[in-house]
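Here's the letter readout for the chains.
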Amino acid sequence: MLDFPRWKIASILGVLLVGILLAVPSFIPESTAKQWGLGFAPRINYGLDLAGGSHILLEADTADVAKSRLTNMEDTVRGAMRKNTPAPIAIGDISANGNTLSFFVRDPAQVDAAVDTARNLTQPVGTTGTRDWNVQVVDSTRIVMTQTQGGIDQFVKQAMTGAVDIVRKRIDALGTKEPTIALQGSDRILVEVPGQQNPAELKALIGKTAKLEFKLVDTQADPAKVAANLPPIGDQILPYQGRPLAVFRQAILTGGDLKSARQDYDQNGQPSVSISFNAKGSRAFAETTQQNVGKPFAIILDGEVISAPNINEPILGGTASIAGGFTAQTAQTLAIALQSGSLPITLKTVEERTVGPGLGQDSIHAGIIASAIAVAAVIVFMFLTYGRFGLYADLAVLINVFVILGLMAVLNATLTLPGIAGFVLTIGTAVDANVLINERIREERRRGRNVVQSVELGYKEASRTIFEANMTHAITGLIMLLLGSGPVKGFAVVLLFGIATSVFTSVTFTRMLVALWIRRQRPQAMNI
Amino acid sequence: MRLLKIVPDNTNIGFVKLRGWAFGLTLLLTIAAGVLVGVRGLNLGVDFVGGLMIEAKFPGDAPIDNVRKHIDALGIGDAQLQQFGPKDTVSIRLPLPPVHDEGATNALVAKVQTALAQDHVILPFNQVDTVSGKVSDELIWKGIFAVVAAVFCIALFGIVRFEWQFGVATFISIFHDVLMTLGFFALTRYEFDLNIVAAVLTIIGYSINDKIVIDDRIRENLRKYRQMPLGELIDLSVNETLPRTVMTSLTILLALASLLFFGGHVLRGFTAAMMLGVVVGTYSSIYVSSSLLITLGLDKSRFRQMEEAGDKKKAARARAERIGPKA
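Line by line, the protein sequences are chains B and Y.
In terms of UniProt numbering, the first sequence opens at residue 1 and continues consecutively.
In terms of UniProt numbering, the second sequence opens at residue 1 and continues consecutively.
Treat the hints as calculated values from the structure; they're not laboratory data.
Treat the hints with care, as some may be off.
[To be verified] Chain Y stretches covered by chain B per the calculated footprint, using a threshold of three residues with CB under 8 Å from any CB of chain B:
#1 244 to 255
#2 265 to 271
[Unchecked claim] Here are the simulated lysine-lysine pairs, DSSO-like style, with alpha carbons at most 27 Å apart:
#3 Y:111 x Y:134
#4 B:67 x B:8
#5 Y:69 x Y:111
#6 B:295 x B:259
#7 B:157 x B:211
#8 B:225 x B:67
#9 B:83 x B:67
#10 B:295 x B:169
#11 B:348 x Y:69
#12 B:348 x Y:5
#13 B:225 x B:169
#14 B:280 x B:295
#15 B:211 x B:280
#16 B:157 x Y:142
#17 B:348 x B:157
#18 B:460 x Y:224
#19 B:157 x Y:134
#20 Y:69 x Y:57
#21 B:67 x Y:134
#22 Y:17 x Y:5
#23 B:259 x B:225
#24 Y:87 x Y:69
#25 Y:5 x B:460
#26 Y:142 x B:348
[Said to hold, decoys possible] Which bits of chain B does chain Y cover? Going by a derived footprint, with three or more residues having C-beta under 8 Å, they are:
#27 423 to 431
#28 463 to 470
A virtual CB, placed ideally from N, CA and C, is assigned to each residue, including glycine.
Between the sequences and the hints, there should be enough to build the whole structure, so can you do that?
See below:
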């Protein structure tokens with residue numbers, strides 16, 4: 001027990017010193033840290049409840065996924081049958097309903113070819129041999145395609161990965177610091193933006209699908225039929241300034257052909273969005289505008305026509321401008337959304353939390369005061385109860401506080417409001433190990449053992465209890481970390497760090513202090 | 001310097017003798033807590049029932065009646081106003097709008113803001129939480145699952161590391177602690193949210209900590225005093241660990257009290273729950289879990305056989321490590 005070789009002392013002190021040093025940058029204001037060249041140093045990350053900001057949980061609209069896959073498949077089937085080799089397959093009565101798409105083949109001799117063509121449009125899902133669509137023939141000429149759950153799931157999975165990237169690009173464009181964008185489960189995205197107190201703005205930006213399409217307006221369409229929502233073949237009817245407008249289904253260009261988008265002002269000084277196309281887009285745009293001078297061209301965003309200007313002259317430069325009653329703010333939002341690409345899936349907000357900057361500041365302030373008072377009270381109490389041994393425990397608690405903060409900074413753990421509570425609780429429990437040890441020492445003294453024996457037995461007998469007790473405590477911490485969400489997790493992180501560091505400081509570190517004292521003073525009696 | 005001694009040396013309180021009374025009282029309190037939770041229910045926050053929660057701060061005392069008047073006039077459903085924190089802050093709870101599209105909740109928040117701005121200096125809202133029914137259902141199940149999983153894992157730990165009676169006794173007393181805490185929330189109507197689940201889990205962790213220390217001492221004494229009757233042995237163990245139990249509870253209560261008084265209103269419910277949990281947990285460690293061992297029939301002879309059949313080398317090593325005369 002008294003055997004503390006120099007290397008052991010050095011390594012214990014070394015570990016603690018590193019822990020403390022890691023905590024230091026978090027106490028220096030960020031600007032000062034940068035001046036001192038410590039800008040790289042790890043800092044404690046404040047949770048949204050302390051830093052203020054917005055937390056938004058987005059969920060994929062899976063019902064919408066099934067619907068849009070069905071519509072897409074309808075278009076794909078039409079095209080594939082028409083382009084079928086050696087001979088096009090004539091189909092009719094195509095209808096989409098629920099999870100199925102059904103159509104009939106006009107020439108019964110072509111049913112097999114049609115089935116093959118339809119099968120070729122499906123994709124395998126996973127390794128089990130199932131495909132994303134089942135193709136069946138009913139009533140000898142009717143083909144029914146049913147989308148499988150596996151197909152929808154796989155689509156959602158891929159789309160979510162893409163959606164996370166796009167949401168990240170959009171948030172980054174806002175220039176806020178340290179946002180969190182993470183996939184949660186299979187169909188959710190968690191977005192946390194510290195310092196952003198306007199969730200409405202944030203939602204407008206990330207919730208926008210930003211599916212951009214350029215389509216020619218069908219000027220030949222019968223206005224009466226358009227008004228009755230009966231599109232001519234090959235057309236679709238979209239809303240434009242509250243009225244229906246017939247456009248050709250075929251998109252000339254889509255958002256995928258864009259190179260960049262930025263907020264601008266048009267010749268009338270109105271806010272607009274300037275876009276430039278990539279090589280392929282420029283070519284298609286030039287070609288279409290050359291061939292259709294004088295005709296209107298619809299710019300469609302998320303299924304709504306935002307403007308339909310006439311093509312006055314061929315546009316060859318590969319750039320265009322979208323105007324349509326924007327404010328500078330909405331134009332900016334649209335530009336960011338277009339620049340980052342369109343979301344492959346519709347996202348809905350299912351949870352939203354905003355903490356104002358004032359409350360966060362108040363909470364940090366209150367948290368620091370409460371922690372300081374808690375530390376002071378515990379320190380005084382321990383000293384009054386255990387004297388010298390209490391002081392050792394106090395030293396251990398103080399170091400413990402810094403080491404937890406240092407660890408949290410390095411591991412980039414987030415300090416939340418319940419985290420502060422966990423912190424205060426840790427201060428309370430950190431002395432428990434020392435209480436156990438010191439009470440044991442007292443017991444052994446009462447039984448008449450000498451100083452060295454009492455100390456030695458105290459540490460030895462208490463160590464096992466400390467281990468058992470902290471193991472169970474750690475189990476609850478782990479469960480909180482694994483199963484908890486939000487604040488529960490934040491609390492669990494601090495608790496677990498606290499358990500780990502407090503065992504080390506209160507058992508190993510104080511033992512070293514006691515051993516050094518005994519070695520130096522050779523006390524015959526002690527006050528405990 | 002004379003050191004502080006909260007608990008005098010060599011106490012000899014007959015805890016086991018009192019266990020009939022303690023069990024009766026505990027059972028009564030536990031049933032009362034259960035009934036209270038069943039009848040009055042918990043004041044579940046938006047985390048668990050879904051909805052919209054706005055925390056508004058006013059320059060002076062919050063004009064509750066006026067706020068209520070304005071919000072009722074909006075006709076946006078049944079609003080609940082609460083004030084647990086400082087006098088200038090009021091929390092407004094609203095059901096989510098039936099059409100849940102992107103703009104609807106924002107519009108609702110804006111509506112409330114405009115309505116309040118008619119009579120009051122308008123400050124930005126402290127906090128706005130919106131939780132959809134789907135998410136809140138998941139959160140509540142996750143919360144319940146976490147608590148149940150924690151209790152079971154710990155009981156399992158008790159069974160593996162000690163004897164089954166220890167595991168079961170711990171399980172029962174933890175159940176009691178949790179129920180008492182829930183009873184407290186049903187009684188005070190403090191909002192029960194995700195933070196409180198963290199508090200409940202912490203109480204479980206702390207309470208277990210406490211019980212394990214006593215259990216460990218009982219096990220140690222079972223080895224030491226093989227002939228002592230179980231009741232006497234438990235009394236001895238609880239008395240021996242009493243100074244530690246009281247000391248630790250006091251330090252933790254001290255730390256929590258500073259959080260309660262200085263930690264800001266957001267954590268008040270959380271802290272109150274933990275303080276109560278510490279008191280209840282300490283009580284159940286002393287009176288419930290250890291005394292239950294007798295009721296459950298901890299078999300001393302079986303324990304002795306296991307010990308004797310146990311690893312003799314280990315015992316020899318332990319003896320060799322000791323310095324000085326034997327006890």
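Verification of the supplied hints:
1. 244 to 255: holds (count 9)
2. 265 to 271: holds (count 4)
3. Y:111 x Y:134: The given pair, whose Cα atoms are some 24 Å apart, holds under the 27 Å limit.
4. B:67 x B:8: Violated. Residue 67 of chain B to residue 8 of chain B sits at ~67 Å, over the 27 Å cutoff.
5. Y:69 x Y:111: At roughly 14 Å apart (the allowed maximum being 27 Å), residue 111 of chain Y and residue 69 of chain Y satisfy the hint.
6. B:295 x B:259: 25 Å, holds
7. B:157 x B:211: Holds, at roughly 19 Å.
8. B:225 x B:67: Roughly 25 Å between the alpha carbons, so the hint for residue 225 of chain B and residue 67 of chain B holds.
9. B:83 x B:67: This hinted pair holds, its Cα atoms lying about 25 Å apart.
10. B:295 x B:169: The given pair, whose Cα atoms are some 36 Å apart, is violated under the 27 Å limit.
11. B:348 x Y:69: 32 Å, violated
12. B:348 x Y:5: Violated - the C-alpha atoms of residue 5 of chain Y and residue 348 of chain B are around 60 Å apart, more than 27 Å.
13. B:225 x B:169: Judged against 27 Å, a Cα distance of about 42 Å means the pair is violated.
14. B:280 x B:295: Roughly 22 Å between the alpha carbons, so the hint for residue 280 of chain B and residue 295 of chain B holds.
15. B:211 x B:280: 18 Å, holds
16. B:157 x Y:142: 23 Å, holds
17. B:348 x B:157: With Cα atoms ~16 Å apart, residue 348 of chain B and residue 157 of chain B stay inside 27 Å; holds.
18. B:460 x Y:224: 16 Å, holds
19. B:157 x Y:134: 20 Å, holds
20. Y:69 x Y:57: Between residue 69 of chain Y and residue 57 of chain Y the Cα gap is close to 17 Å, so the pair holds against 27 Å.
21. B:67 x Y:134: Holds. Residue 67 of chain B to residue 134 of chain Y sits at ~21 Å (cutoff 27 Å).
22. Y:17 x Y:5: The given pair, whose Cα atoms are some 26 Å apart, holds under the 27 Å limit.
23. B:259 x B:225: 38 Å, violated
24. Y:87 x Y:69: With a Cα-Cα distance of about 18 Å, the restraint between residue 87 of chain Y and residue 69 of chain Y holds, given a limit of 27 Å.
25. Y:5 x B:460: Roughly 23 Å between the alpha carbons, so the hint for residue 5 of chain Y and residue 460 of chain B holds.
26. Y:142 x B:348: 22 Å, holds
27. 423 to 431: holds (count 6)
28. 463 to 470: Holds, because 5 residues of the segment 463 to 470 of chain B bring their Cβ atoms closer than 8 Å to Cβ atoms of chain Y.
Checked against the numbered hints given earlier, the structure breaks hints 4, 10, 11, 12, 13 and 23 and satisfies all the rest.
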